[in-house]
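**Q** As a plain string of letters, each chain reads:
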Amino acid sequence: MLRFLLQRGAQALIAAFGVVTLVFFIQRLTGDPTALMLPETATQADIEAMRATLGLDRPLWAQYVGFLGDMASFDLGRSFVQNASVWEIISSRIPRTLQLAAGALGVALLIGLPLGLLMALTAGRTISRWIMGLVLACQSMPTFWSGIMMILVFGVWLRWLPSSGTGTFAHLVMPSIALGLLSLATYARITRSAVVDELGKDYVRSARARGVGPGRLVRKHLMRNSLIPIISITALEISQLLAGAVIVETVFAWPGLGLLTVQSIAARDFVVVQAVVLLGAFVTIAANLAADILYSIVDPRVRLAGQ
Amino acid sequence: MTAQAAHLPRWLRAALDWWPAGLLAILLVFAVLAPWLAPLDPDRQNLLARLKGPGFEARGAVYWLGSDELGRDVLSRVIYGARVSISVAFMSVILSGVVGVTVGMAAGYLRGWAETILMRLVDIFLSIPAILLAIITVAVLGPGFINVILVLALTRWPRYARVAYGQTLAIAGRPYVTLAHAMGASAPRVLALHILPNIIGPLLVVATLEFGLMVLFEAGLSFLGLGVQPPTASWGSMLSTGRNYVGSAWWIATFPGVALFMLVLSANLIGDRLSDRIGKGHG
Numbered sequence: 000m001l002r003f004l005l006q007r008g009a010q011a012l013i014a015a016f017g018v019v020t021l022v023f024f025i026q027r028l029t030g031d032p033t034a035l036m037l038p039e040t041a042t043q044a045d046i047e048a049m050r051a052t053l054g055l056d057r058p059l060w061a062q063y064v065g066f067l068g069d070m071a072s073f074d075l076g077r078s079f080v081q082n083a084s085v086w087e088i089i090s091s092r093i094p095r096t097l098q099l100a101a102g103a104l105g106v107a108l109l110i111g112l113p114l115g116l117l118m119a120l121t122a123g124r125t126i127s128r129w130i131m132g133l134v135l136a137c138q139s140m141p142t143f144w145s146g147i148m149m150i151l152v153f154g155v156w157l158r159w160l161p162s163s164g165t166g167t168f169a170h171l172v173m174p175s176i177a178l179g180l181l182s183l184a185t186y187a188r189i190t191r192s193a194v195v196d197e198l199g200k201d202y203v204r205s206a207r208a209r210g211v212g213p214g215r216l217v218r219k220h221l222m223r224n225s226l227i228p229i230i231s232i233t234a235l236e237i238s239q240l241l242a243g244a245v246i247v248e249t250v251f252a253w254p255g256l257g258l259l260t261v262q263s264i265a266a267r268d269f270v271v272v273q274a275v276v277l278l279g280a281f282v283t284i285a286a287n288l289a290a291d292i293l294y295s296i297v298d299p300r301v302r303l304a305g306q
Numbered sequence: 000m001t002a003q004a005a006h007l008p009r010w011l012r013a014a015l016d017w018w019p020a021g022l023l024a025i026l027l028v029f030a031v032l033a034p035w036l037a038p039l040d041p042d043r044q045n046l047l048a049r050l051k052g053p054g055f056e057a058r059g060a061v062y063w064l065g066s067d068e069l070g071r072d073v074l075s076r077v078i079y080g081a082r083v084s085i086s087v088a089f090m091s092v093i094l095s096g097v098v099g100v101t102v103g104m105a106a107g108y109l110r111g112w113a114e115t116i117l118m119r120l121v122d123i124f125l126s127i128p129a130i131l132l133a134i135i136t137v138a139v140l141g142p143g144f145i146n147v148i149l150v151l152a153l154t155r156w157p158r159y160a161r162v163a164y165g166q167t168l169a170i171a172g173r174p175y176v177t178l179a180h181a182m183g184a185s186a187p188r189v190l191a192l193h194i195l196p197n198i199i200g201p202l203l204v205v206a207t208l209e210f211g212l213m214v215l216f217e218a219g220l221s222f223l224g225l226g227v228q229p230p231t232a233s234w235g236s237m238l239s240t241g242r243n244y245v246g247s248a249w250w251i252a253t254f255p256g257v258a259l260f261m262l263v264l265s266a267n268l269i270g271d272r273l274s275d276r277i278g279k280g281h282g
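Quick note, the sequences are listed as chains A and B, same order.
With numbering that gives the first Met the number 0 applied, the first sequence covers 0 to 306.
With numbering that gives the first Met the number 0 applied, the second sequence covers 0 to 282.
So here's chain B without its partners, still in its complex pose (with noise of 0.2 Å):
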C-alpha cells in the first residue's frame, strides 16, 4: 500500500484491491453481449478493406483497430474471441475440477487399493507435459470446440486430484467425520456433505488459477491449429495469423494478444489474492 492510497475511503482502497475482478467482469461482459457490443459482423469479409490499420474507414464502417488477411474487424474478432475463450476454459475447469476432485477425494477417504490406484494414475497423467497430452489427444480426436474442452478437462484433472486428495487425508481423520461415518452416513455422503465444505477454499484458489491457464492452452492450441476451427473468431488464431502479417500490419496480433494477457493476468490476480485469504493449502 503506497503512502496516497492510505488516504483514500476505505471502500475506494477495497474497489482498488479488487481491480482484477472488474477486469474480468469488463471481459466477461464483451464475451456476453458480443452480438451487440461488436460493431461488424466479425466474419464478413471485405476484400476491399484487407490489412487496414486502426481507424480505417471503408463503406461507412469504421475499423476501430484495423482489418486482417481477408478484410475483417479486429475488434469485432476480438471481442467474440472473448467468447470461444471464457466458455472453454470455464467448461474444462468445471469439468476437470469435477473429475479431479472425485477421484482425490475418493482417494483420499476410501485409502487402500483404491488411494494407490488412483493417485498412481494422477502421478502418470502428471509425468507427461500438459501441452504435449493435449496436442497428441486433440491430434487424435480432432479439433474443435467440444473436443478442445475435453482434452484440456483430460489433461488437468490431475492437478484439482492432488490438491483434494492431500485436504481429504487431512481432514477425514476428524472426529465429526469419523462421527458421521459410524452414525452410518454413506460415503458419498460424508465426502460430500462433510468433507467437501471444508476443503473447497484451496480447490478455489486451484480453480482460479487454473482458468488462467486454461485460457493460455486453449489459445495456443488455437494457435497451433488444433483449436475451434476457422471461420470462428478465437485470440489463438488471429494470433497465428498475426504472425505472418507482423512485418505488414502489427494490429491483427497485438490486439488479441492484449485481450488475451487481461484475461489471464486478472484470473492470476484474483488466484493470488484468493490463496492469500485462504491460505497455501493449496499445491
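Bound conformation, chain A alone (with noise of 0.2 Å):
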C-alpha cells in the first residue's frame, strides 16, 4: 500500500509541476506578459518598471527557475491592479465556489445516480429511453443557457428564486442546478453502464435465483459493486465543476472564483487568472489522487494490478 501510494504521489507531483510549467510557457506565447498585466493606458515607463519588478529582465530560465520557486513556495504573487496578495484575493472567493459546486454535486448525485439505476432496471424498455432523452437534453444544454432560462421562468415570470447575488439558500438553488446538469447526466449515464454490466453478472443471476426482491438486490449487491467507475468519475466531476463555475457564475453573479476570473482578464489582472487557473488544476491533480486511493480501498485488486 505504501508503495502504491508513494508512486501515485510521485505520478501526481510531476503532473503539477508540468502545469507549473505550461502556465509559465502560455503567459509567454506572446513574449511580453507585462501588457497582459498593465491597463491599456500604462506609459512606456510603467512597463519598464513593471517589467523589472517582475524580473522580466532577466533571461527566461532565471525567471522560470524563480517562477518556480515561488509555486513551490506557495507565493502566488501580489495583484497591482488590486494592490493586495493574490492569496488574500482568492481566499475570499474561495467559500462561495465551494458551496455552488458543492449545490451543485449534490443535484448532479441526488438525481443522476437513481436516474441511472431507472435506466438499467428498465433497460429496452420505454422508459428507459425516455430517461436517456432527457438525459442527452441535460447534457447538450450549455449551462449558461439553462441558466439564463431559469432566470427568466423562476426569477423574473414567476418570481420564486432571486435572479443574482448570494445570501440564503434560496440564492444557491438555480446556480446549482445549472451547473450540476451536465454533471448529472454523467452520474446517470456512469451509472446505467455500470450497473448493467453489473447486471450481467453471476452472481446478481444467482441472487435472482434465490428470490431477492429488486429493492434488496439494488441495496445490497448492486450500489456497492458499481462503486467504482462512480468514484473515478466523481474526482473528474469536481474539476468539470470548478471549470463550469466560471460560466454559471457569471450568470448569476455569483461572487466565487469564476466570476473573480472573468472580472480579472478585464481588468487585465493576470496574476489572478494564473492563480485561479494553477489552483484548478491543483484541485484536479489532488482530486484524481484521491480518486485512485480510494479505488484501492474499494477494490484492492487496483493496488495490486501494479506490482
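In case anyone wonders, no lab produced these hints; they're calculated from the structure.
From a predicted model like this one, the values you see are computed outputs, not experimental measurements.
Here a beta-carbon is modelled for each residue, glycine too, at the ideal position from N, C-alpha and C.
Treat the hints with caution; some may be incorrect.
To be verified - With a straight-line Cα cutoff of 20 Å, these simulated SDA-like cross-link-like pairs (lysine to any residue) come out: (1) B:K51 to A:W156; (2) A:K219 to A:I229; (3) B:K51 to A:L151; (4) B:K51 to A:V155; (5) B:K51 to B:T253; (6) A:K219 to A:L117.
To be verified - Computed far set for chain A versus chain B, every beta-carbon distance over 10 Å: (7) M0; (8) F3; (9) L37; (10) E39; (11) I93; (12) R95; (13) A101; (14) V106; (15) P113; (16) W159; (17) R207; (18) G214; (19) H220.
Unchecked claim - Derived DEER-like restraints, expressed as beta-carbon distance ranges: (20) A:Q6 to B:L11: 54 to 64 Å; (21) B:W112 to A:D31: 27 to 37 Å; (22) A:G8 to B:V31: 50 to 60 Å; (23) B:L50 to A:G166: 28 to 38 Å; (24) B:W112 to A:L97: 38 to 48 Å.
Put the complex together from the two separate chains, hints included.
**A** Here is the structure:
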C-alpha cells in the first residue's frame, strides 16, 4: 500500500510541476507578459518598472526557476490592479465557489444516480429511452443558457427565486441546478452502464434465482459493486464543476472564483487569472489522486495490479 | 422502439433513427446559405426598433424573432451565428484531431522514451480544466476567430491522443503490422496505411462528441467576451447580451440558446449512435 501511495504521489507531483511549467510558457506565448498585467493606458515607463519588478529583464531560464521557486513556496504573487496579495484575493472567494460546487454535486448525485439506476433496471423499455433522452438533453444544454432560462422563468416570471447574488439558500438553488445538469447527465450514464454491467454477472443471476427482490438486490449487491466507476467520475466532475463555475457564476453574479477570473481578465489582472488556473489544476490533480487511493481501498485489485 | 414504430416501413424507421443527422444537416444548410436565408442584414442597426418582441414590423421589415438592444434582427443573427459556431467547432476538431492522433499514434507505436514523454505531456494538459486552460490562453493571445480555434485545439488534442494511443497499442502487435515493419515500411507509412485505418472508428466517435463540446466551448468563450468579437453575430455573445435584458426582452437569449442546444444535441446523439455501432473502444 505504501509503495502504491508513493508511486501515485510522485505522479501527482510531476503533473503539478508540468502544469506550472505549462502555465509559465503560455504566458510568454506573446513574448511580453507585462502587456497582460497593466491597464491599456500604461506608459512606457510603467511597463519598464513592471518588467524590473517582475524580473522580466532576466533571461528566460532565470525567470522560470524563479517562478518554480515561488510556486514551491506557495507564493502566488501580488496583484498590481487591486494592490493586494493574490492569496488574499482568491481565498475570500473560495468558500463561495465551494458552496456552489457542493450544491451542484448534490443535485447531480441526488438526481443522476437514481435516474441511472432506473435506466439500467428498465433497460430496453420505453421509459428507459425517455430517461436517456432527458439525460442527453441535460448534457447538451449549455449552462449559460439553462441558467438564463431559469432566471427568466423562476426569477422574472414566477418570482420564486432571486435571479442573482448570494446570501440565502434560495440564492443557491438555480446556480446549483445550472451547474449540476451536465454532471447529472454524466452520473446517470455512468451509473446506468455500471449497473448494466453488474446485472449481467453471475452473482446477480444467482441472487435473483434465490428470490432476492429488486430493492434488496440494488441495496445489498449492485450499489457497492457499481461504485468504482462512480468514484472515478467524481474526481473528474470536481474539476469540471470548478471550470463550469466560471460561466455559471457569471450568469448569476455569484461572487466566487469564476466571476473573479472573468473580472480579472477584464481588469487585466493576469496574476489572479493565473492563480485561479493553477488552483483549478492542483485541485484536479489532488482529486484524481484521492480517487486512485479510494479505488484501491474499495477494490484491492487496483492496488495490486501494478505490482 | 415503441409499439407504433414497429409497424412503420423499414426506411421510415431508419430515417426516424437518424433524425439527429437531419437536424445537423438543416443547421449546416443555414450556416452555408446564411446570406440568402437571413431575412435582414444581421449587423444593420435600427435604433427605432430596439428590443421589440417577435413579429414586430418596421419599415416593411418583419423581425420574426424580435430585435436586440441595437435594433438588429435576432433571426438573422441566429442564422449567421450558426456560421461561427459550426466553423470554429469544425476547424478546432480537425486541428486537435490531427495533432492528438499523431501524438497518440507515435507514442503507441514508438514506445520507449517517446511514449513516456508524450503521454506525460497529455496527462499534464488534462490536469488543467479545459475551459480554464482555454480562458488563460485566450487572455494571453487575445480574442478573435483564429485564436479561438487555436486555443480550442490546444486544449482538446490530449483527448484524441489518449484514444489513439490506446488503440495503437492494441493494434501495433498484430502480425500484419510486424510484417509491414519487417518488409522495410517506415514508421509514418505503417502508421498511416496499416494502423490509422484500423483505429479510425473510435476516433470518429470521439470527434463527433468533441464537436458538440467545441460548440459549447466557443459559445462559452464568446459569452465571456473572449470569443469572436462584435459585431460578428455569435450565439454566445447574443446570450451574454440576452442575460442583461432577460427581464425585458426574453427573446434575445432564448433563440440563440435553442439553436445552440439543437446543434449540440444533434452532435451528441450522432456520437452516441456511432459509438453504439462501432463499439466501446473510446475513452
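**Q** Taking the hints in turn, state whether each one holds.
**A** Verification of the hints:
Simply put, B:K51 and A:W156 have alpha-carbon atoms about 18 Å apart, close enough for the 20 Å limit, and the pair holds. Using a Cα cut-off of 20 Å, the hinted pair A:K219 and A:I229 holds, with the two alpha carbons roughly 17 Å apart. In summary, the hint linking B:K51 to A:L151 is supported, as the alpha carbons are separated by about 17 Å, within the 20 Å threshold. At roughly 18 Å between alpha-carbon atoms, B:K51 and A:V155 fall within 20 Å of each other, so this suggested pair holds.
Pair hint B:K51 plus B:T253 holds up; C-alpha atoms about 14 Å apart against a cutoff of 20 Å. Under the criterion of a C-alpha separation no larger than 20 Å, the hint pairing A:K219 with A:L117 is consistent with the structure, at around 16 Å. For A:M0, the shortest C-beta to C-beta distance to chain B comes to about 23 Å, beyond the 10 Å cut-off, and the non-interface label holds. The claim that A:F3 lies off the interface holds: its Cβ sits roughly 18 Å from the closest Cβ of chain B, which is beyond the 10 Å cut-off.
With 10 Å as the threshold on Cβ separation, the claim that A:L37 sits away from chain B holds: the shortest Cβ distance comes to roughly 14 Å. Every CB of chain B lies more than 10 Å from the CB of A:E39, the least distance being 12 Å, so the non-interface label holds. With 10 Å as the threshold on Cβ separation, the claim that A:I93 sits away from chain B holds: the shortest Cβ distance comes to roughly 15 Å. For A:R95, the condition that its CB be more than 10 Å from all CB atoms of chain B holds, with the nearest at approximately 17 Å.
Every CB of chain B is more than 10 Å from the CB of A:A101 (nearest about 17 Å), matching its label as outside the interface. Listed as outside the interface, A:V106 is consistent with that label: its C-beta sits roughly 19 Å from the nearest C-beta of chain B, beyond the 10 Å cut-off. With a least beta-carbon separation of about 21 Å from chain B, A:P113 lies farther than 10 Å from that chain, consistent with its non-interface assignment. Separation of A:W159 from chain B is adequate, the least Cβ-Cβ distance of about 15 Å exceeding the 10 Å criterion.
In this structure A:R207 is separated from chain B by more than 10 Å, as the shortest Cβ-Cβ distance comes to about 25 Å. With a minimum CB-CB distance of about 28 Å to chain B, A:G214 clears the 10 Å threshold, and the non-interface call stands. No Cβ of chain B approaches the Cβ of A:H220 within 10 Å, the least distance being about 24 Å, so the stated non-interface status holds. For A:Q6 paired with B:L11, a C-beta distance near 57 Å keeps the hint of 54 to 64 Å intact.
Between B:W112 and A:D31 the CB atoms are about 34 Å apart, so this pair conforms to the stated range of 27 to 37 Å. The hinted range of 50 to 60 Å is satisfied by A:G8 and B:V31, whose Cβ atoms lie roughly 53 Å apart. Here the CB-CB span from B:L50 to A:G166 is close to 30 Å, well matched to the stated 28 to 38 Å. As the Cβ distance of B:W112 to A:L97 is approximately 41 Å, the hint placing it in 38 to 48 Å holds.
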